[in-house]
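Q: So you can see what is in the structure, the chains are spelled out below.
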Amino acid sequence: MKLPLSVADVRSRIKPGDLLAPAAFLIVTAGLLFILADRSGWDASRVLNFYTFFLTFVAIYAMFALGLNIHWGYTGILNFGVMAFFLLGAYTAAIITKPPASGDFVEYIGGYGEKLAFLPFLNSEEWLPFLFGMATAAVVCGILAFLVSIPAMRLREDYLAIVTIGIAELLRRITIEEQWLVNGTRGLPGIPRPLGGLVEPGDYRFVLLGIVVVVLMIVYFAVERGIRSPWGRVLRALREDELATAASGKNVFSFKSQSFVLGAMIMGMGGALYAYAFSALSSDTFNHFFATFLIWAMLIVGGPGNNKGVVLGAYVVWGFWNITLLLQGYDMPGVIATRIPFIREFVVGVLILLVLLLRPQGLMPEVRRVSIWVERHTKATSGLAQESAEQTETPSN
Amino acid sequence: MPSRRSPFINAIAAARSYYRNLGDTASAVVIWALIGALFVWALIGETEALVIGIVTGSVFALGAIGLTLIYGILKFAHFAHGDAMMLSAYLAFFFLTGTVVGERTDTQPLHWSLNDLPGAAEPLMGFSFGYGLLLSMAVAAVAMAIVLVVLDRLIYRPLRRRGSGIVIFAIASLAVAISLRSVILMFWGPSPRFYVRGIRPTTDLPFDIRVVTDQFFIFAAAIILAALVYAILFRTKLGKAMRAMSDNADLALVSGINTERVVTWTWAIGGTLVAIAGVLLALQSQLKPELGFVLLLPLFASTILGGIGSPQGAFAGGMIVGISQEVAVTFGFLSPGYKFSVAVVILIVILLVRPRGLFGAQQR
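Taken in sequence, the protein lines are chains F and U.
Going by this note's numbering, the letters in the first sequence line up with residues 38 to 434, in that order.
Going by this note's numbering, the letters in the second sequence line up with residues 31 to 394, in that order.
None of these hints come from the bench; they were simulated from the model.
Where is the CB? At the ideal position from N, CA and C, for every residue including glycine.
Heads up, some of the hints might be wrong.
Stated by the list, open to error - Taking lysine to aspartate or glutamate and the DMTMM-like style, the derived pairs with C-alpha atoms no more than 20 Å apart in a straight line are:
#, chain 1, residue 1, chain 2, residue 2
1, U, Lys369, U, Glu320
2, U, Lys318, F, Glu163
3, F, Lys345, F, Asp278
4, F, Lys345, F, Glu261
5, U, Lys105, F, Asp278
6, F, Lys152, F, Glu163
7, F, Lys152, F, Glu162
8, U, Lys270, U, Glu290
9, U, Lys369, F, Glu215
10, U, Lys369, F, Glu214
11, U, Lys267, U, Asp280
12, U, Lys105, F, Asp240
Unchecked claim - Output of the computed footprint for chain U on chain F, the stretches with three or more beta carbons under 8 Å from beta carbons of chain U:
#, stretch
13, 69-79
14, 210-224
15, 246-255
16, 280-287
17, 325-331
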């Protein structure tokens, strides 16, 4: 019989690397809260407001990072065009939920907001169009991903990366050049907000956070479940050795396409949430840094192949991003103050490089897991479950 | 050992390989025919766009030659290439004018720059610039070569030693691209800049074509450098080692080639090409930090169109991409904003039809 854990036992079980993740979380949280409090003159309600807003965007970015984790973390598909799905999802959701275009300088297609609220009960105008918008965003992104995957999944990974950058740039150019489509450079302001009419505008941010977190949780558990299934095992096998997977009779192209489409659909939903949360879109919203690099930074820092790690990565990187934004409010020499936006981009780039060089597995390394069935079996049959299902770190590629 | 297969199966195998080769030849013939048609059409109908396309193509060609060397020898997609081009253009701008952004967004001229040399700003042979720019270009080329070699030592070599896959290099070079771009923004700010202000002298060519005189310089520089790279690759011992490494790095290592030295030289040559391509690009249009990343698309399209690892292919690819993107916007249904998107289409088509490119080695 084992006694309850002793201090020495705990110490021997914790490796120094394990402390990185909680440490990063604590440092970012403490830093953010301190600066928020200091900037707002120690006003708790303002700190809470900003922190709610911050968490909303962490959750939205975590959606993109989860989608990218399916692509790169689990399947090894190098997608440098996250922006393509981000943009497509956001614009699709926006034009579906907005009322039809009216006015002199407003042109866009869609505008089904009022028609979609067809249920006569339960205030359907407050939620139904948004569900449709999000579903359409996911479907449209899935279709784009499928079309891209037909040529691209048969190619080498680095070719795919270039093609995805190309697609993202192409979509961005289309939204800028085609005035009739989504109002060109003038953008789409005034996107309706889900459940917006039910609460006071001042309290809306909490509702928004609730919505976003619920969607994130659903997606998170769905992805976790999918990855632990035999389907997810094939994806991970593909990442490790494509040839061996093909040799054991799996259709490589089909599985890679499925992974690409699924990840893209999650990104599309994230884009839809972004449109609802931000309530305005313009061509400035989307650039390669903001919509692709930052999400890659979250994935690499958090730990590719670990969904928890990816959410943590979104928290840490977005936290860093906001801390540096808030630093701008302090009195600083102009030389530094005007350059903070560029310095933080530089730091994000260097951060990715440092993680790649010094800790390629990220803050939270991937957990080696054969199968959910093996775990259940060992747990049910032996008291040695702890030892046999011991979660070990996998060396990253 | 002769195989004891039935003649029937042998015949099928022979037919299959025959048709595979036929398909390979056919795709090349179709692509070359399309390129020929485009060229002839442009020559007759849109001569001016053709001339501009050749100039744009020269810049792409130079960038793509550097990219194809790195891609072929180091076996990774160098996503920082476009941003490195932009950074070196800014470095040349800095050496030429001594300008950096000062306290806030104002510009802060340094006390001395290359343009202060006696007569450095005097226009040279009808061009808009003097020998100061040539000197700055040379200094920027040396600086960029050093920067890329240092980056290799700091980042890519540890990854190489660890045996990382090509995708890790791709991500690392993407991170380098972000960092280089933010360095540009930190020192020179987001607003566009020019080497020489004012109206640039033009030259009239036959058939009513008027070109900016600087464009002759761009074209000539591209031809000379491409020839130089070709000479290095095919006439020197270093070039032989580079080609050996491109074919098979392990085999090159066991046959006594110092592969790390070859890698260093590849970065140095690549850096020189990057820098000159960047300066020529800025001379052709302007200096803009965002241009670097978008530039990746035509560069990669040129590299893959020409065949990875083939400098003559990269040159041809750059020209073809440059000409097609200038000519495509004259059709009327594409607005000029789509220029770089033409490269995306070329890229996707070539990857579908003939992934090894026009001059690339056949993969078996």
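Q: Take the hints in turn and mark each one as holding or not.
A: Hints and how they fare:
In summary, the hint linking lysine 369 of chain U to glutamate 320 of chain U is supported, as the alpha carbons are separated by about 15 Å, within the 20 Å threshold. A threshold of 20 Å between alpha carbons decides the hint, and for lysine 318 of chain U with glutamate 163 of chain F the separation of about 44 Å lies outside it, so the pair is violated. With a C-alpha separation of about 24 Å, the suggested pair lysine 345 of chain F and aspartate 278 of chain F falls outside the 20 Å cut-off, and the hint is violated. Of the pairs offered as hints, the one joining lysine 345 of chain F and glutamate 261 of chain F holds, with about 9 Å between alpha carbons and a cut-off of 20 Å not exceeded.
With a C-alpha separation of about 19 Å, the suggested pairing of lysine 105 of chain U with aspartate 278 of chain F holds against the 20 Å cut-off. A C-alpha spacing of about 12 Å is found between lysine 152 of chain F and glutamate 163 of chain F, which places the hinted pair at or below 20 Å, so the restraint holds. For the given pair, lysine 152 of chain F sits about 9 Å from glutamate 162 of chain F by alpha-carbon distance, which is consistent with the 20 Å threshold. As the CA atoms of lysine 270 of chain U and glutamate 290 of chain U are separated by approximately 15 Å, the hinted pair is consistent with the 20 Å bound.
Between lysine 369 of chain U and glutamate 215 of chain F the CA atoms are separated by roughly 14 Å; this keeps the pair inside 20 Å, and the hint holds. Taking the CA atoms of lysine 369 of chain U and glutamate 214 of chain F, the gap is near 12 Å; set against the 20 Å cutoff, the hint holds. For the proposed pair lysine 267 of chain U and aspartate 280 of chain U, the alpha carbon gap of about 18 Å is at most 20 Å, so the pair holds. Distance check on the hinted pair: lysine 105 of chain U and aspartate 240 of chain F sit about 54 Å apart at the alpha-carbon level, beyond 20 Å; violated.
Taking a C-beta to C-beta cut-off of 8 Å, the stretch 69-79 of chain F contributes 0 residues in contact with chain U, too few for the three needed, and the coverage statement is violated. Under the rule that three or more residues need a Cβ within less than 8 Å of chain U, the assignment of the stretch 210-224 of chain F holds, with 3 such residues. Using a Cβ-Cβ cut-off of 8 Å, 0 residues of the stretch 246-255 of chain F lie near chain U, which falls short of the minimum of three, so the contact claim is violated. Residues of the stretch 280-287 of chain F lying with their CB closer than 8 Å to a CB of chain U number 0, which falls below the three-residue condition for coverage.
For a cut-off of 8 Å, the count of residues in the stretch 325-331 of chain F with a CB near a CB of chain U stands at 3, and the three-residue condition holds.
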